[in-house]
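> Each chain is listed here by its residues.
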Amino acid sequence: MPDLPGPPDDRNRPGPPDQPDDRNGRDTPSHPAGPPAGPGRTRERTAVPETPPAPSGAPSAAPAGVIHDIGYRHYEGVRLGRAHAVAALTLHTLRGVFGLGRPARSKIIPFALATVMMFPTIVSIGVMALVKREGIISYTGYATIMQVVIAVFLAAQSPYTVAPDLRFRVLPLYLSRPVRLLDYIGAKVAAMTAAMFLILAVPLTVLFVGELVIDPPGPNHTADYLTALAGAVVLAVALSCLGVAIASFTPRRGLGVAAVIAFYLLTSAVSGALAAMLESANDYTAAAWAWMINPFFLVDAAVQVGLLGAKASGPTTYPAGAGVAVTILAVVALIALSVTALILRYRKAASQ
Amino acid sequence: MTILATEGLTRRFPRVTALDGLTVDVGPGVTGLVGANGAGKSTLIKILLGLLAPSAGRAEVLGMDVTTRGAEIRGAVGYMPEHDCLPPDLSATEFTVHMGQMAGLPRTAARERAADVLRHVGLYEERYRAMGGYSTGMKQRVKLAQALAHDPRLVFLDEPTNGLDPQGRDEMLALIRRIGTEFGISVLVTSHLLGELERICDHVIVIDGGRLLRSSPISDFTQTTRTVMVEVEEGRDALAARLTELGETVTPHGRTLLVDVRAPETFDTLRDAVCDLDLHLVRMEQGRQRIEDVFREPADA
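The listed protein sequences correspond, in order, to chains R and X.
Be aware that the first sequence starts at 1, since it is given in the working numbering, and climbs by one per residue.
Be aware that the second sequence starts at 1, since it is given in the working numbering, and climbs by one per residue.
Take these hints with a grain of salt, some might be off.
Here are the simulated lysine-lysine pairs, BS3-like style, with alpha carbons at most 30 angstroms apart [stated by the list, open to error]: (1) R/K311 x R/K132; (2) R/K107 x X/K139; (3) X/K139 x R/K348.
Taking beta-carbon pairs under 8 angstroms as the criterion, some of the chain X residues facing chain R (in silico) [claimed, not checked]: (4) D89; (5) H120; (6) R169; (7) E171.
Chain R is nowhere near these chain X residues, computed Cβ spacing over 12 angstroms in every case [what the hints assert, rightly or not]: (8) T2; (9) T17; (10) T93; (11) P166; (12) G195; (13) P217; (14) S219; (15) E233; (16) E234; (17) R242; (18) D260; (19) V282.
Simulated from the structure, these hints should not be mistaken for lab results.
The structure displayed is predicted, hence computed values, not measured ones.
All residues carry an ideal CB built from backbone N, CA and C; glycine is no exception.
Could you put together the complete structure from these sequences and hints?
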């Protein structure tokens, strides 16, 4: 810093030693030694210049009561790589999903829905504690029972992760930083996945902890709990990819919300109606497949029931045998399709 | 030292050629990039950021090739886009901190930098409010702050004075000048107004239709067509006659006279002429060269 003046500088100056505060130095050699009124471009102002600093000999520290206007400071610290930027974007988006660091009204919907998600847990813990019997809700059935709330959360919050960046054109700004398009998409999906997982895993975990503390009669449900967490992970990934992909097609948040909720209502209505029709015709195999149109039952059938052997939590039986492999493939296909749609969508958005 | 250089840089889109064999060389300091809308300014910036591949030719920023080291360039460069880019529900502080982190700064460092930079661009208490309620001037300041958040070595400012009132324009220009000099960050600033850049640039590049029209130090621009505009209350014609008599070249222009500056003595002649004729001088200002003049010049030459 060349022009941070101070007594040490003054010592080297050929001027008279009784002008310790004359910043302009050589320009004003005949300036009378007086109160050190800071001339011109000084960057340090002496607030109470009663006593002049020590004369030329001692390298005294700056006098007390000095206001520093240090001007522009360069950044000399570490610069982290892309991974840090992606992590920062993920966390920023996750905070946004729950309205943290945003105006109060952004917090209402996510926290209201998260609270609703806790109701079965609270009731179940209450029953366990008061009646001393097994909980009334199964871990693996939590997601399917609460699917409407989860779907509303997905619909309400996934557009928030992508729509404003498109609408207010923040995307080009992100791309002017070291992150790439795929990093951006990855961070957005990861943040939404984390939010979806949290909204499911927190009630499950509270329920499990409650069960451990109360210790009601009957067997321990550790395996069920872990199965439900695994199911929650896959459900969160699948739903987030789907929700973000649908939402990314419009820069308008309201339209995104409507599109995602419409998708859920459509699949659940079609699957319900189709299954009821087939069941009335006594075709239970086909009815089981009809339920698979609803993504909640599909993930339940593929992961919790198919892979981890839990009890089906749907209204009917799930496809068995080779059908399990098909449902797993269907889940993978759903995720792959959503991610492909996202990438194609953003290729186009980035080139604009 | 070269900050950025292009060589035969060409970019064709399906229907238009945005850049056509552009070769420029930019040194440190403040460089103005002037051109009408659609001249290829934004395309050039996109290529320099490594976001758009050139169809032909090559470009280097801070000694790094744009096609192979785009990510590194983007880490060392700040970019202020021409368009709006601010999410309305975030505060300026949150946003600037976030953009600093996106450029690789750890969170605490980004916080410190954001506070510094927002102070430098002149945002104080309002920086904690959501940006949706900001005026255009405040928005432009935040856009500039986020470009500086990671202490880049070079900033690209795309039309930073867009939509500002005259006072906001002056403040923004002064700020850009400070970035180039006091902050020691090289600046490439685009505008479609040469007169505006004249005041703050060390070097000006003029492009039109993707071609280089001119690239020269600012002193060349002001020297070639240096005029002084004089307005007197009455007796414009008398003054014109007197000046012509004294050997100056005078062109009437509405209520004013445009006097070609041959040498510094022209100013003295002018002053004496006004005094001798006992005229009321309303104003006297350096003639602003308009962009059309630059476009006309090569045709004349």
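> Hint by hint, note whether the structure agrees.
Status of each hint after checking the structure:
1. R/K311 x R/K132: Holds, because 24 angstroms separates the two Cα atoms, which is no more than 30 angstroms.
2. R/K107 x X/K139: holds, 25 angstroms
3. X/K139 x R/K348: Roughly 27 angstroms between the alpha carbons, so the hint for X/K139 and R/K348 holds.
4. D89: holds, 5 angstroms
5. H120: holds, 6 angstroms
6. R169: Status violated, d = 22 angstroms.
7. E171: violated, 17 angstroms
8. T2: holds, 21 angstroms
9. T17: At about 17 angstroms from chain R, X/T17 clears the 12 angstroms cut-off, so the statement holds.
10. T93: violated, 10 angstroms
11. P166: Given a closest Cβ separation of 26 angstroms, the condition holds.
12. G195: holds, 27 angstroms
13. P217: Per Cβ check, X/P217 is outside 12 angstroms of chain R; nearest 25 angstroms; holds.
14. S219: holds, 25 angstroms
15. E233: The assertion about X/E233 holds, with a minimum of 38 angstroms to chain R.
16. E234: Its Cβ never comes within 12 angstroms of chain R, the nearest being 42 angstroms, so this holds.
17. R242: Nearest chain R Cβ is 41 angstroms from X/R242, so the label holds.
18. D260: holds, 36 angstroms
19. V282: holds, 33 angstroms
The structure does not agree with the numbered hints 6, 7 and 10 stated previously, though it agrees with the rest.
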